[in-house]
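Enquirer: We have chain Z; now place chains G and P onto it with these hints.
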Amino acid sequence: MNRLMKRLTPGIALVLLIGNLAGIGTAGASGDEAAYKMAHADAVAALDMAKKVGGEWRDARWKKSKAVKVEVEGKTKKMSNLAAAEAYAKMGDYEKATQYADIAKFQGVAGYQQAMDQKNAGPQF
Amino acid sequence: MTINQVTSRALSILLISCISILGGISVANADAVSDGKKVAFDRKKGNCLTCHMIAGGSLAGNIGPPLIAMKARFPNKADLRAQIWDPTHKNPNTIMPPFGMHRILTEKEIDLVTEYILSL
Amino acid sequence: MKRLLIGAFAALLTVGATATLAGQSEDLQALRDYMQNRFPNLAFMDYANGSYALDAAKATQWESQRDFPPFLDHLDEGEKIWNTPFTNGKGFSDCFGSDPSKVRVKYPRWNAEAKKVETLEGQIVACQKANGEKPLKTKKGKIAYLSAWLASQANGQKINVIVPQNDPGAVAAYEAGRKFFYTKRGQLNMSCADCHVYNSGMQARGNLLSPVIGQVTHFPVWRGKWARATGGKDGFGTLQRRYDGCNKQVRAKPFKNQGDEYSNLEYFHQSMSNGLTIDAPDYRE
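Chains as they are written, first to last, in this note's numbering: chain Z, 10 to 134; chain G, 18 to 137; chain P, 736 to 1020.
Bound-form chain Z, shown alone (with noise of 0.2 Å):
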């Protein structure tokens, strides 16, 4: 072994540990789709729920939303988180689309609850 090697090597490990932590080392590997459909199902029995209290929020999955940059055939793309996850599983890099659609199942749930908080709302004076 070289010198520069000798050097290199544990930038090399060190690299390569953290794009395995921040998720670029399972770049092309396609994460696990059943967890994925699963993420996506909840998400919108969430939304749903929210939606028929009127509490739905602006980036979960409407279709005018521009919470979410996603990369689509070389072309950068604002949607909703709910769009994101179905864009990501499209592309197959099921992680992110769960990490997404994990997203929106929040912000059901957060706006039902938020909505059911709401429930006898009116002035305060």
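Derived by calculation from the structure, the hints in this document are not laboratory data.
Taking lysine-lysine pairs in the DSS-like style, the calculated list, with each CA pair at most 25 Å apart, reads: (1) K87/Z to K61/G; (2) K991/P to K72/Z; (3) K837/P to K815/P; (4) K75/Z to K983/P.
Expert: Chains G and P alone, transformed into the frame defined by chain Z:
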């Protein structure tokens, strides 16, 4: 970025984390305060200036109280963090958004903002 | 037994009465008292000037804006739209009556047969559909020109939204609008009232939050913000376009324009300006 640059950057990250771990809280805290300020001033994140006057911020609103002497107002850091996380807990009618409960900011970002606000 | 039933019925009635809470006139009085307390020096008629009644420096800018209204051509176009016959030979006057100065003040109003709140823009679209015309979009553009021109014809008349208290449907629509106004929503967890009641007169960055009373007298409005987005060409928008924008700002999903949620809100919202003079269209930031 060449491999050499990557290596040196990785090493410097390692070095900085070592210093902040070994060298005590002050370095890490200074970073947290300046990172927290960025989150606080970002219009898509904390956007605190919409409602609060903060030294060094321009075009501040006056809906909430000016953010000064915060250590005196919140001797306990956890109380300030809780107030940012969900101000409706103390006052259900407040106009202040629940930054943590509604995940407007991440938990990490709330830690940073707390450090920054406490430094005011 | 009979007595018991009557007693139960009476109890039910009382519950019903408290559940509907205060009616329109009580709401109006409570809100006026609250605002009077908040702005002791503001005369009632001056609420029609919104934030400018509360900020002398901005009022000066605003008055110089008013010397050169940017919307005169759009008003002319609105008048032209009113006078252009439909392909079937009929026109807007067949729906709204021949006197354009009497249209604005009729809306919003309760339609007891359809069991719905009718708004001016909603009725413009309904009139077009009934006559086989392609309906206008309801947030901006031609509908705002026409609605603004009709409002300008009504200048000097007073807002007077009536909620027939003997019609449970009308009362329910008003209550739904009132509830919408006071409900926190969206990721930022804010209600209309959070800004325009409890924090009215305060500054959100450089913007002074206008009191809810007086907000509707100058609609459709020409907003500087909307004008800038079109390179200065068209700043007009309807009241429900503004609702859409407010909901987006608090990160709530906006509701359907001219749907029940916004039309009920408009029923409540406009009625809170009852007694104020129409002065439309006008410039706002």
